[in-house]
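Visitor: Sequence:
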Amino acid sequence: MNFRSIAVECFGPVQRISHNRPEFRNAESRELLDELDQAITTAVEDDAVRVIVLAGKGDHFSAGHDLKEAQRERSGFSVEQRWMYEERRYFDYCLRILNAPKPIIAQVQGACIAGGLMVANMCDIIIASEDAFFADPVVHTLGAAAVEVLIHPWVLGQRKARELLYTGGRLSAAEAEKLGMINRVVPREELEATTLAMAEKIAEAPPFALRILKRSLNRTLDAQGFSVALAAHFDTHQLSHQSEAFQSARSVGLDGAIKKS
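So the sequence shown is numbered by the numbering used here: it starts at 3 and just counts up by one.
These are calculated hints, taken from the structure and not from any lab test. Treat the hints with care, since some could be wrong.
[Claimed, not checked] Below, in silico cross-link-like pairs of lysine-lysine (DSSO-like), each with a Cα-Cα straight-line distance of 30 Å or less: (1) K59 - K203; (2) K59 - K70; (3) K70 - K216; (4) K180 - K104; (5) K203 - K180; (6) K203 - K216; (7) K216 - K59; (8) K180 - K216; (9) K203 - K70; (10) K104 - K59; (11) K70 - K104; (12) K180 - K162; (13) K70 - K180.
[Claimed, not checked] Taking CB as the label site, the calculated pair distances span: (14) A234 - E11: 32 to 42 Å; (15) N101 - E11: 17 to 27 Å; (16) E11 - L219: 23 to 33 Å.
Everything numeric in this text was worked out from a predicted model, so none of it was measured. All residues carry an ideal CB built from backbone N, CA and C; glycine is no exception.
Working from the sequences, and respecting the hints, build out all of it.
Guide: Written as structure tokens, this is what we have:
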């Protein structure tokens with residue numbers, strides 16, 4: 003397949019799918035998200051692929067939503083149009099990563115912000131370089147109720163999630179590991195090799211056993227109300243688009259939020 007905004011590489015039973023817009027800090031455009039979803043779907047259907055790695059080319063995993071594109075192409079969206087766009091590309095695409103029947107590892111360096119944070123946290127395992135940082139600043143920068151998928155309290159705990167979201171601050175890789183959001187922190191020069199080594203080790207396990215184990219782990223979350231909570235927040239997030247704060251940010255230009263973050 004010929005992709006323009008992502009890169010796909012194969013390492014035996016491991017397939018790495020990378021954000022590939024390094025000149026834009028791997029901001030997630032419509033095209034990038036569509037291609038990412040297509041590549042993941044294809045990898046899931048390919049029996050030769052046992053483990054998937056999601057990564058980012060260049061200095062950053064992803065700076066999140068492409069706000070310049072959003073301002074240019076979607077600033078005039080109606081409530082219905084915005085709902086359908088975000089439900090498909092932010093909510094549904096994320097859940098397809100989460101529910102993919104194969105293990106997925108996020109390989110994170112540099113910025114992992116907002117939409118990028120959502121994507122990384124849909125993965126089974128996160129390995130980060132020492133320079134990685136994690137943030138969801140949209141309450142402060144856009145006046146919106148966090149990002150579309152409120153994964154934060156599930157991976158950080160309630161107290162730290164509230165601090166991160168209310169202040170619009172950042173978590174270093176070391177802090178994220180201590181809190182249990184990520185699995186391992188390594189020097190930048192060791193990130194690719196460490197991630198690939200873990201992926202290859204996981205790929206040694208029988209695929210069907212991994213498939214049903216992942217289903218059980220996800221069902222454990224659902225037994226605690228995970229899916230219902232995510233769906234409820236998506237509705238709340240959509241409501242926040244109608245707030246005065248968000249309307250003000252949109253009238254000035256959503257791309258201005260990039261400087262704040």
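Visitor: The hint says 32 to 42 Å between A234 and E11; measuring C-beta to C-beta, is that right?
Guide: holds (37 Å)
Visitor: Do the alpha carbons of K203 and K70 lie within 30 Å of each other, as the hint requires?
Guide: At roughly 40 Å apart (the allowed maximum being 30 Å), K70 and K203 break the hint.
Visitor: Holds or violated: are the alpha carbons of K203 and K180 at most 30 Å from each other?
Guide: holds (24 Å)
Visitor: Given the hinted pair K180 and K104, is their Cα-Cα distance within 30 Å?
Guide: holds (26 Å)
Visitor: Keeping to a limit of 30 Å between CA atoms, is the pair of K104 and K59 held or broken?
Guide: holds (22 Å)
Visitor: CB of N101 to CB of E11, is that within 17 to 27 Å?
Guide: holds (24 Å)
Visitor: Are the Cα atoms of K59 and K203 separated by 30 Å or less?
Guide: holds (23 Å)
Visitor: Straight-line Cα separation of K216 and K59 no greater than 30 Å?
Guide: holds (28 Å)
Visitor: Holds or violated: K59 with K70, Cα cutoff 30 Å?
Guide: Within the cut-off at roughly 20 Å; holds.
Visitor: Just to be sure I understand the hint, the distance between the Cβ atoms of E11 and L219 should be within 23 to 33 Å; is that true here?
Guide: holds (27 Å)
Visitor: Hint check: K70 vs K216, CA-CA at most 30 Å. Holds or violated?
Guide: Violated: K70 and K216 sit about 36 Å apart, past 30 Å.
Visitor: Hey, K180 versus K162, does the alpha-carbon distance stay inside 30 Å?
Guide: holds (12 Å)
The structure does not agree with the numbered hints 3, 9, 11, 13 stated previously, though it agrees with the rest.
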